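So that you can map any letter, position 113 of the sequence shown is 106 in this note's numbering, and since no number is skipped, the others follow by simple counting.
Please note that the accuracy of each hint is not assured.
[What the hints assert, rightly or not] Just the calculated beta-carbon pair ranges, DEER-fashion: (1) T45 with R80: 16 to 26 Å; (2) E143 with E122: 15 to 25 Å; (3) I95 with P16: 11 to 21 Å; (4) K98 with Q74: 28 to 38 Å.
[Unchecked claim] Restricting the straight-line Cα-Cα distance to at most 27 Å, the calculated cross-link-like pairs of lysine-lysine (DSSO-like) are: (5) K102 with K115; (6) K115 with K41; (7) K98 with K120; (8) K120 with K144; (9) K41 with K53; (10) K41 with K111; (11) K115 with K98; (12) K115 with K144; (13) K102 with K62; (14) K120 with K102; (15) K98 with K144; (16) K144 with K111; (17) K41 with K62; (18) K98 with K41; (19) K102 with K53; (20) K102 with K41; (21) K53 with K120; (22) K62 with K115; (23) K62 with K144; (24) K102 with K144; (25) K98 with K111.
Rather than coming from a laboratory, the hints here were simulated on the basis of the structure.
These numbers were taken from a predicted model, which means no experiment stands behind them.
Glycine included, every Cβ here is placed at the ideal spot set by N, Cα and C.
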Amino acid sequence: MIPSSINDKMPSCVHGEVVFATPLVAYAGLFNSTNEADNGIGKVYTHKADGTFQAGGNGKFAGISINPKAYDLDLPFNGRQGEFVRRAEIGLVIEAPSTVAIGDKLYYKADGEITANKDNGKTDGDKVEYTEIPNCLVTRNVPLYDADEEKATLVASILN
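Please model the complete structure; the sequences and the hints are all you need to start from.
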């Protein structure tokens, strides 16, 4: 099914869409995540040894998957071509504290999910630190915070 509507709590952007006409650098690549469920639009992807891209992971940063209106989101992603941005201003809906602000760095979890939190907030041995997205900051619009879902709608600038 091709998406035909957007969430009404997203007035400033659509998750994974390029939102401003700024310099854009994007690459085509093949989705190839170990766990198919980790794939999605608006997630961080890294390079795999075979030249494909995986959600999250420890490889070199490949980009953030974009252009949600171009894909049938009900089909599996692995083996399909995608677009991965390394320089642009994109809309994101991410896990974030209510204090998220313009200029804050963004991070990604092992599954590629983007967050404004540097870690999972635990203080004991279960603390997990997330990986910083290279040269990626909250920009332009003041983030719209949804306290019920503990998520923020924001514009991120990525300059790689």
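Going through the hints against the structure:
1. T45 with R80: 16 to 26 Å: Check passed, 21 Å falls within 16 to 26 Å.
2. E143 with E122: 15 to 25 Å: Because 19 Å falls inside the window, the suggested range holds.
3. I95 with P16: 11 to 21 Å: This hint holds: roughly 19 Å between Cβ atoms.
4. K98 with Q74: 28 to 38 Å: Roughly 30 Å apart at Cβ, these two residues keep to the hinted range, so it holds.
5. K102 with K115: 15 Å, holds
6. K115 with K41: 30 Å, violated
7. K98 with K120: Judged against 27 Å, a Cα distance of about 19 Å means the pair holds.
8. K120 with K144: 20 Å, holds
9. K41 with K53: 8 Å, holds
10. K41 with K111: Holds. K41 to K111 sits at ~24 Å (cutoff 27 Å).
11. K115 with K98: 20 Å, holds
12. K115 with K144: OK: K115 and K144 at ~19 Å, within 27 Å.
13. K102 with K62: Holds: K102 and K62 sit about 24 Å apart, inside 27 Å.
14. K120 with K102: 13 Å, holds
15. K98 with K144: 15 Å, holds
16. K144 with K111: Judged against 27 Å, a Cα distance of about 15 Å means the pair holds.
17. K41 with K62: 26 Å, holds
18. K98 with K41: 25 Å, holds
19. K102 with K53: 14 Å, holds
20. K102 with K41: The given pair, whose Cα atoms are some 17 Å apart, holds under the 27 Å limit.
21. K53 with K120: Roughly 23 Å between the alpha carbons, so the hint for K53 and K120 holds.
22. K62 with K115: 37 Å, violated
23. K62 with K144: Given that 27 Å is the threshold and the Cα spacing comes to 22 Å, the pair holds.
24. K102 with K144: Roughly 15 Å separates the two Cα atoms, so the pair holds.
25. K98 with K111: Judged against 27 Å, a Cα distance of about 9 Å means the pair holds.
Of the numbered hints given earlier, the model fails hints 6, 22; all others are met.
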